[in-house]
Each structure stands twice: as C-alpha cells, then as structure tokens.
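**Q** Here the structure of chain Z is known, so what remains is to put chain G in place on it, guided by the hints.
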Amino acid sequence: MMAGITKIDLARTGNEAMAYAMKQVNPDVVAAYPITPATEIVQLFAQYVADGEVDTEYVPVESEHSAMSACIGSSAAGARTMTGTSSQGLALMYEMCYIAAGLRLPIVMADVNRALSAPINIHCDHSDTMGMRDAGWIHIFSENAQEAYDNMLQAVRIAEHESVRLPVLVTTDGFIISHGMERVATLPDDEVKKFIGPFKPGTMLLDVAKPITVGALNFTDFYFEHRRALVDAQAASVAVIKQVGREFGQKYGTAYDCIEPYQLADAEYAIVALGSTCGTAKVVIDQLRAGGVKAGMLKIRVFRPFPAAEIAAALAGKKSVAVLDRSDVLGGFGGPVFTEVRSALYQKPNAPLLADYIYGLGGREIDMEMIGSVFAQLQDGTAKPDSVQYLGVRD
Amino acid sequence: MIEIRWHGRGGQGAKTVALLLADAALAVGKHMQAFPEYGPERMGAPVQSFNRISDRPITLHCSVKEPSVVAVLDPTLMATVNVTGGLKPDGILLVNTALSPAEIKQQTGFAGTVYTIDASKISRETIGRDIPNTPMLGALVKVTGVLDFDAMVEDTEKKLAKKFSHRPEVIEGNIKSIKRAALEVRAA
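Protein chains in written order, with my numbering: chain Z, 1 to 395; chain G, 1 to 188.
The shape of chain Z in the complex, shown without the other chains (with noise of 0.2 Å):
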C-alpha cells in the first residue's frame, strides 16, 4: 500500500458495501427501482441523496425497464450514471440492457444474484446474470462484501476507459453476501475521488456545438460493423481490466484479475467456481492439502469478456477439473461456466478431464461437505468426463 493512505475497516453487508462505494462514486445520477435482495443498494444510497451527501439526480421510477431506459438517457447525455438491481427486476432490463451496450453508455450497475422465477424464490443463484451473457456488458462476480466494494470502484475505471465504453456488471450472491456482514476495508472518499476521476464521457447528447444522433438505425448496411466493435470493446477491456486491478493492488494493497488461482500451480485436480463459493472452497482445500491432496481451484473473477486463453493455460496439465454451475443452460448441455470452459480446453494441449457440478439453485445449501464430495469424484474417477451432474438435489 502507498503512504499516507489510510484504510477504514467497516463491518458491511454486501449490499451496504456496494451503497457505500456509490457513495464515494457520487454519480450524476442514479436511476432505479428496489427489489429484494438489493433493495437496501438503492434504499441506502436513496438516503444518503435525501441527507445530501451525494450530489447525484435520484430518478425513482416506477419499474426497472424504467430504470434502465433512464440510465441510457443519463449516460448519453454525458453522466456518470449507475443503478442496482436483482433478478426478475434484471430481466425487465434485458431488453433495454443490450441498447446500453450497443450504445457504448459506460452505466455501472450493481446486481444481487439471484434466482428466476418460476416458482417464485428470493434466494442466490446466478440464472439472473447469467441471462445477461450476451448482452455486451463487462460481468465481474464478487467473493464477498470486500470484492464486492473493491470491484464496484474499479468498475467505473473500466467502463469510462477511452477504449472500453461499455457498461458493467458487478454481482454479489443474493443474502449470502448481499445480507451478510463481514469487515470491509474501505478508502477515504477523497482517495476514491482521486481513484476514479472525472467522468470525460466521448461523446454527449448535451453538447451542443458537436451535436451527434444516438440510437440510429442501421440496417444491412453498417449494423455488423457495428456489432463487431463491440466484440473489439470487449476484448480490449481485458488490457483495462488488468491493468486497473494492477493499479488497484499497488494503491490499496489487494490486486485484482480476471481470474484468480488458489493453489493451483501443482494442483492436481481443481474446481471452477465463480462468487461466494469459492471462499468456502479455499477452506477445504487447504484441509485436503493439509491431508496431502493436490487440490486447487481457479475463481472466475471476470465472467465477460470470458478470459478464455487464460483459464485453458491455468487448467493444462491437471488431472481432473469440475466446474461448478450455480445456473443451468435448460436444454442445453451444461451450466453456463462448463460451456465456456469446456469451450476454451477444445483441442488445447493438457486439456484436464472436466466434469460439470450445477449446484445452489435457488439458494441451495453449498457447504464443505458437499465440496470435498466433488473433490472425492475427481480423485476416484467418479467425476466421468463431459458429465453433469446435479449437486444437493433430490432426484
């Protein structure tokens, strides 16, 4: 950590966590509408606006198909705009999500992971987010209350990059994170302030001595070069994305990256995991590695743009992988994470056997046990190859 900054240890809830970090953000506006488990985001951040502690425009609005049209109106009108959002509430988005995209608006939201109806349920998994797989937006998951606020300060850098200019996701899983308290090491605002900088959006609406049209149509004439550009946002946000983690850790202290290994250099066999998960997995990996299993884990941090070449390379070599899917691609073969990583070994040297785990959906209990279990099928040839498995469910 640099001299002379101080941090602040807080104890947070995930969602206080990721108020307070939009706090310091002190957006233009903020657009949104409550629904559990994130009301307190924008309920908390309602009320620091209401005791003028953030400058920021609070647009209520009445449903979040409104709060997204409304962020696409901030944003390309030049503001720094973010919201906050879960669930059934982000699939009334979608439709307005992909537009945020296409038109390059740099919107951060905040997102609690958790379940799609039907039937109606309340608790994590990642099905919401998951919808958003193509949409165009930057996806980084958070471990916990800690990453959850690091990740929504970084994610501003990321999105108002001159050569990123898209939105960002960042999630936390539903009550586990969002409801749970753990001490959270926070940075002055004036040094977030410093962190983030000034919002130089490219272009703006309101900028009348350069006037430009947004949301023209393109039809079979331009809409693909369109398209392709952002794919190249995507992939050049991954430069972005290291280099504000690197900067992140020289700063304060954590660096972060679009994966993070946990012993897994000698790693024999490993999991995949993204969220909440993984802090417990760390846990029993170090029991199996103080019983002299090689076991280790590869956290997926940065789900979009898909670090593909990096997770192939962190993988070759291991014995056995199994991937670890808190949603379900219905119909199709596999959870959403076991596609893509599967996907990324396709005819790489070294590729590990890998086996597909969906788990938690709906807030199914995930516990030590039931991760040693996956561990165990690795390592007596359980684990078959190209197999999903459903973990925790009753058949």
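Quick caveat, the hints were computed from the structure, so don't treat them as lab data. One or more of the hints may lead you astray.
Stated by the list, open to error - Pair ranges (Cβ atoms, derived):
no., chain 1, residue 1, chain 2, residue 2, range
1, Z, 349, G, 54, 38 to 48 Å
2, G, 154, Z, 197, 36 to 46 Å
3, Z, 8, G, 165, 14 to 24 Å
4, Z, 392, G, 54, 46 to 56 Å
5, G, 154, Z, 387, 52 to 62 Å
6, Z, 395, G, 44, 34 to 44 Å
7, Z, 380, G, 148, 41 to 51 Å
8, G, 56, Z, 257, 42 to 52 Å
Said to hold, decoys possible - Every beta carbon over 12 Å from chain G, so not counted as near; a handful from chain Z, in silico:
no., residue
9, 62
10, 175
11, 251
12, 255
13, 291
14, 328
15, 343
16, 348
17, 393
Claimed, not checked - Some, not all, of what chain G presents toward chain Z, calculated at C-beta under 7 Å:
no., residue
18, 26
19, 31
20, 38
21, 165
All values derive from a computational prediction rather than experimental measurement. For each residue, glycine too, the CB sits at the ideal point set by N, CA and C.
**A** Using the frame of chain Z, we list chain G on its own:
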C-alpha cells in the same frame, strides 16, 4: 474461529444482536461475520442468526452447522425447535429464562455448559419492553469471553448513540441491560 447461533422469534432482535456482536468484534480488531437465516421471517416466527469471529480473515460462506455457542432469546422455542442441534458437546448453551441452568440442562439433555439469564425481566426493567437481545449480548460476551466485555460495551454504546441519537433513554436502557446481564448470568 468461534461460531455462534442465535435462536429467537421474529421481532426479538436475533438479527440485530448478531450485527451488534459483529460490529463490536470489529472494534477490537477481529474478523467477523453476522448473517441471519432468511426464511419465512414474520413477527413471532422462529428465526436464527449466526456469527463467526476469528483473529484471521474468514472466507467460509456456508451456514453454521456445528456452533460452539448457542444463545436462545425465547425459551418457548425450545418446545418446537431443537436448539442444541449441531451444538458441540463441549459447547455453551445460553438461555433467556427464569429457570436455573440445572433445569435447562435437564430439559435439553445437553451435556456441555449451560448458562441462564432472565434477559426478558432485565429488558422490561431497564428498557421498558421485552426486547431481550441486548442483555443476551451482555451475557454471551461475559460467559464466552469471545470479546473484551468493556470494549464491547463501549462500542455498542457508540453504535446505539448513532442509531438512537434522538432517543437517549434507549441507549441508557440498553447499556444498563447489558451490564446487568453480565452480573446476573448464572452457571450450573
């Protein structure tokens, strides 16, 4: 690392007491977690909340299955909820009741250490209402020694002062209840 499970009924402050303990743990430099179990929480329904407290960072994000301390905010729960389920045999059971530890020991068949405290009575006499969570916090910190008692009182007073700045009598009553509970908690 110490793991604690709180049993209460919706409205008794089982969630709040876990948050207060976590906050106090942070104030003395510990790593901590506080999280409620989210079920059909309603006024009067059985609820649980949890704490983990450690000198080292805590990465576990699964539920607490084998706590070393269980605190019961409402003794009537014991008729329907297995409050000692998963509790370590050498653990601590702390119950808000007018009964003696020996009576609770007999009632639950728990072999470990049992403490009782009439937290509802203390709450009525110091706060004016039966909200037993803060006296239970006082008793729990006293008997477990998980935190320095005086540091916990000091931090809780600070937190309450922030939350109830317009109602100083709430702060005074709660702090009184915490200190009284520490004196009145009974061992077998």
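**Q** Decide, hint by hint, whether the structure agrees.
**A** Do the hints match the structure? See the list:
no.: 1; hint: Z/349 with G/54: 38 to 48 Å; result: 42 Å, holds
no.: 2; hint: G/154 with Z/197: 36 to 46 Å; result: 39 Å, holds
no.: 3; hint: Z/8 with G/165: 14 to 24 Å; result: 21 Å, holds
no.: 4; hint: Z/392 with G/54: 46 to 56 Å; result: 26 Å, violated
no.: 5; hint: G/154 with Z/387: 52 to 62 Å; result: 56 Å, holds
no.: 6; hint: Z/395 with G/44: 34 to 44 Å; result: 36 Å, holds
no.: 7; hint: Z/380 with G/148: 41 to 51 Å; result: 48 Å, holds
no.: 8; hint: G/56 with Z/257: 42 to 52 Å; result: 23 Å, violated
no.: 9; hint: 62; result: 27 Å, holds
no.: 10; hint: 175; result: 5 Å, violated
no.: 11; hint: 251; result: 20 Å, holds
no.: 12; hint: 255; result: 16 Å, holds
no.: 13; hint: 291; result: 18 Å, holds
no.: 14; hint: 328; result: 21 Å, holds
no.: 15; hint: 343; result: 28 Å, holds
no.: 16; hint: 348; result: 30 Å, holds
no.: 17; hint: 393; result: 17 Å, holds
no.: 18; hint: 26; result: 5 Å, holds
no.: 19; hint: 31; result: 5 Å, holds
no.: 20; hint: 38; result: 5 Å, holds
no.: 21; hint: 165; result: 13 Å, violated
Of the numbered hints given earlier, the model fails hints 4, 8, 10, 21; all others are met.
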